[in-house]
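Engineer: One-letter residues, chain by chain:
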Amino acid sequence: MAETKEPMQTRRILMPDGRYMIFYTFDSETSDDTAAPADESTPEKQDV
Amino acid sequence: MSELRYNPLLGEWTATATQRQDRTFLPPAGFCPLCPTMPGGFPTEVPESDYDIVAFENRFPSLKTHPEEPVIAASELYPVRLSKGVCEVVLYSPNHYTTLADEPVGRIHNLVRVWRDRFRELDALDFVEYVFIFENKGEAVGVTLHHPHGQIYAYPFIPPTVAVELEASRLHKEKTGNCLICGIVDEEKRFEQRIIAQNESFIAYIPFFARYPYETHITAKRHMQALTDFSDSEERGLAEMLKQILVAFDGLFSVSFPYIMAIHQRPSDGDNYDHYHFHIEFYPPMRTATKLKYLAGSEAGAGMFINDTLPEEKAAELRGLIK
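As you go down the protein sequences, you meet chains R and W in turn. Heads up, the first sequence is in the numbering used here, so the first residue is 20 and it goes up one at a time. Heads up, the second sequence is in the numbering used here, so the first residue is 33 and it goes up one at a time.
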């Protein structure tokens, strides 16, 4: 099973039409890895 | 209107979902319904922007928690049932212009946590028998909204592709006493040439039997059945592996590489699936920089895929792009 550390916070709202929406936010330390520079991952971004 | 109609020829269910004909189709830039609503801007589906990841019920669902009655009567030959289930959208970021490949490992790790959280909640619903987490990426696979997102379908039955894998895994376990997918991983490790990358917890390879040129499987090294079995370090290991593979995909042809990503884990019907094994399958439609793999006569009409390439050669290409 997953370990106990859980840096995730959730907030649930109901939309006017009755659907739920769950917002997830995380401790900044879990999200702050350096992204690969754009030219490393997708040299010329195009949708295919 | 939606309902499930049984196909007695194939022994499987088809969903009708006529409301989906009216869903938003490739809106112009600046009118993405999945972007956060901005002050003074048009109202989108997402009323705020202060989040990392957001999950919500699909506005145009194929399956509903409160489905309407079927519009057609069932017969002995043609069973009909309520299209009861859940369809969720998972937005990876408030940023319209990112992709999963562009996100840092930490944010992909957060997405894995969200997948686990959504799986845990949907898995517990009594009408759900299978939770399917997936992503369609790129217009080549039919994407209608470019905002980076995946989807989750919670089905009231075990879908056919997973059912075939489950049965093959059950029979293999019965015959040999071993897990079929552990066996596939061992075979790929022995042969080596189809391995793209591996870390402590996961291995990525183009399988011996790949149906698409760049079909890639990411499989847990430990024998486990679902996201809820992962340790935190295994969640991180999956995020690292996803990052490596997705960046390699984008490097192939200098485009944002289209794919279907399918997460295969145990069903949610309460039975024992110790013989099954968590893995992710990618089905990218591109076979060259300018050509797509179509499902044509043999694939669509007979169910036999023809792969115009050798998995060993395509794995070497991707391996060369691993950073």
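Don't read these hints as lab results, they were simulated from the structure. Just to be clear, a hint being listed does not mean it is correct.
[Unchecked claim] In silico SDA-like pairs for lysine to any residue, Cα to Cα no more than 25 Å straight-line:
#1 W:Lys116 / W:Gly72
#2 W:Lys96 / R:Pro26
#3 W:Lys253 / R:Ile32
#4 W:Lys96 / R:Ser47
#5 W:Lys96 / R:Thr29
#6 W:Lys221 / W:Leu198
#7 W:Lys323 / W:Arg243
#8 W:Lys96 / R:Asp46
#9 W:Lys205 / R:Met34
#10 W:Lys221 / R:Ile32
Engineer: Are the hints correct? Go through all of them and say.
Structural biologist: Here is how each hint holds up against the structure:
no.: 1; hint: W:Lys116 / W:Gly72; in the structure: violated, 37 Å
no.: 2; hint: W:Lys96 / R:Pro26; in the structure: violated, 31 Å
no.: 3; hint: W:Lys253 / R:Ile32; in the structure: violated, 38 Å
no.: 4; hint: W:Lys96 / R:Ser47; in the structure: violated, 35 Å
no.: 5; hint: W:Lys96 / R:Thr29; in the structure: holds, 23 Å
no.: 6; hint: W:Lys221 / W:Leu198; in the structure: holds, 23 Å
no.: 7; hint: W:Lys323 / W:Arg243; in the structure: holds, 16 Å
no.: 8; hint: W:Lys96 / R:Asp46; in the structure: violated, 33 Å
no.: 9; hint: W:Lys205 / R:Met34; in the structure: violated, 46 Å
no.: 10; hint: W:Lys221 / R:Ile32; in the structure: violated, 47 Å
In summary, the structure is inconsistent with hints 1, 2, 3, 4, 8, 9 and 10 from the numbered list given earlier, while agreeing with the others.
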